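S.K.: Sequence:
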Amino acid sequence: YRSSKAAGSDSKGSGETVRLKGSKNFRYRIVSAMLSGRPIVISDIRAEDESPGIKDYEASFLQMVDLVSSGSSISINETGTKLRYKPGAIEGGFELKHECPTSRGIGYFLEPLLLISIFGKKPTEITLTGVTDSSKDLCIDTIRNVTAGLIRHFGVEEKVSIKVLVRGVAPKGGGKVSVWIPIIKALKPVSLLEPGKIKRFRGTSYVCRCSPQFANRMVTSARGILNRFIPDVYIHTDHCKGKAGGLSSGFGVSMTAESINGFVLSTQCIPTESSMPEEVGEKCAKQLVEQIAQGGCVDSNHQGMMCVLMALSPEDVSRLRIGKLSKPAIDILRLLQTFFGVTFMIKPDNKTNTVLLSCVGAGFQNF
5 YRSSKAAGSD
15 SKGSGETVRL
25 KGSKNFRYRI
35 VSAMLSGRPI
45 VISDIRAEDE
55 SPGIKDYEAS
65 FLQMVDLVSS
75 GSSISINETG
85 TKLRYKPGAI
95 EGGFELKHEC
105 PTSRGIGYFL
115 EPLLLISIFG
125 KKPTEITLTG
135 VTDSSKDLCI
145 DTIRNVTAGL
155 IRHFGVEEKV
165 SIKVLVRGVA
175 PKGGGKVSVW
185 IPIIKALKPV
195 SLLEPGKIKR
205 FRGTSYVCRC
215 SPQFANRMVT
225 SARGILNRFI
235 PDVYIHTDHC
245 KGKAGGLSSG
255 FGVSMTAESI
265 NGFVLSTQCI
275 PTESSMPEEV
285 GEKCAKQLVE
295 QIAQGGCVDS
305 NHQGMMCVLM
315 ALSPEDVSRL
325 RIGKLSKPAI
335 DILRLLQTFF
345 GVTFMIKPDN
355 KTNTVLLSCV
365 GAGFQNF
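Residue numbers (my numbering): 5 to 371.
Hints are supplied without guarantee of correctness; some may be wrong.
[Said to hold, decoys possible] Here are the in silico distance ranges between beta carbons for each label pair: (1) PRO235 - ILE334: 35 to 41 Å; (2) PHE98 - LEU360: 40 to 46 Å; (3) GLY266 - THR224: 25 to 31 Å.
Hints listed in this document are in silico derivations from the structure and should not be mistaken for laboratory results. Model, not experiment: these values are computed from the prediction. Glycine included, C-beta positions come from ideal geometry on N, C-alpha and C.
Produce the entire structure from the sequences given, and follow the hints as far as they go.
M.R.: So this is what it looks like as structure tokens:
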């Protein structure tokens, strides 16, 4: 796959080329290259594997990135183990369409798209089709209720709109989501240090093309755990039948906990093998309680994204309290140092068993 669009007049191609190896953190490498305007060469992509080179979902991610930008050039060698990417200007655009392969969920594409598109020239309106709820990636409810809200801490006033037109679960997918992402000139520095007490639990329990009773069974088992803590638990049931349920049958649940200071933590549970609905509901509730116990202002799924936003904020100190630093977040911190020269200070707080992250932003502005 090779693509090169006519370069825009203000295409950012400045800076030295960054050379990286392996297939780790593919999305965030491309996002960092786009936002810093530095060309990137990734070699040895799964070179030792039985099926070497980039996977279908990574190629599809590059196509989506190409769709929202102009002046970028992408070249991949024959075996797919080496990628050269020269970023262009982030354009945004209206009535865009992208088909996501069913090997990954729509969340795999939408999470980095939020980071890129807020720095576009115009807002992004895009329809994504594929698997809305996948066990490997953030499901669409989590992105709608939590991920899209996180960027508001950084001064993005307008709301990201995410509408689920059709739900689609693995393996065949068939889901359809319409997304509208606003733009911002520059982010604000944040100081998110006090998570506060939890005041309410919310969630969505959905079934696609199977018994609607499954949704209620998941809700009952989840409430059995969460009601011990606070009475304000409301888990909405979504029964998608016929065409609204995509092409495969399946079920799952996503839950959020909201604190008095306005922070939202999330977990999701989508059964991979044959699980009972009760187990799924219980597992999700237990994971949520575990996230709360860690005592951070964001859950472990969103640490990396918050680090990127902090690194892009103005040249002022941004602070964030998190629970346990997750492995992907550590890799993202290294990427941010390579691309933007932003070094985070990581300070463990033994009194609350949390970690304080602070950095001086790179002062990124969207002209």
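S.K.: Quick one: which hint numbers does this structure break? Sort them smallest to largest.
M.R.: none
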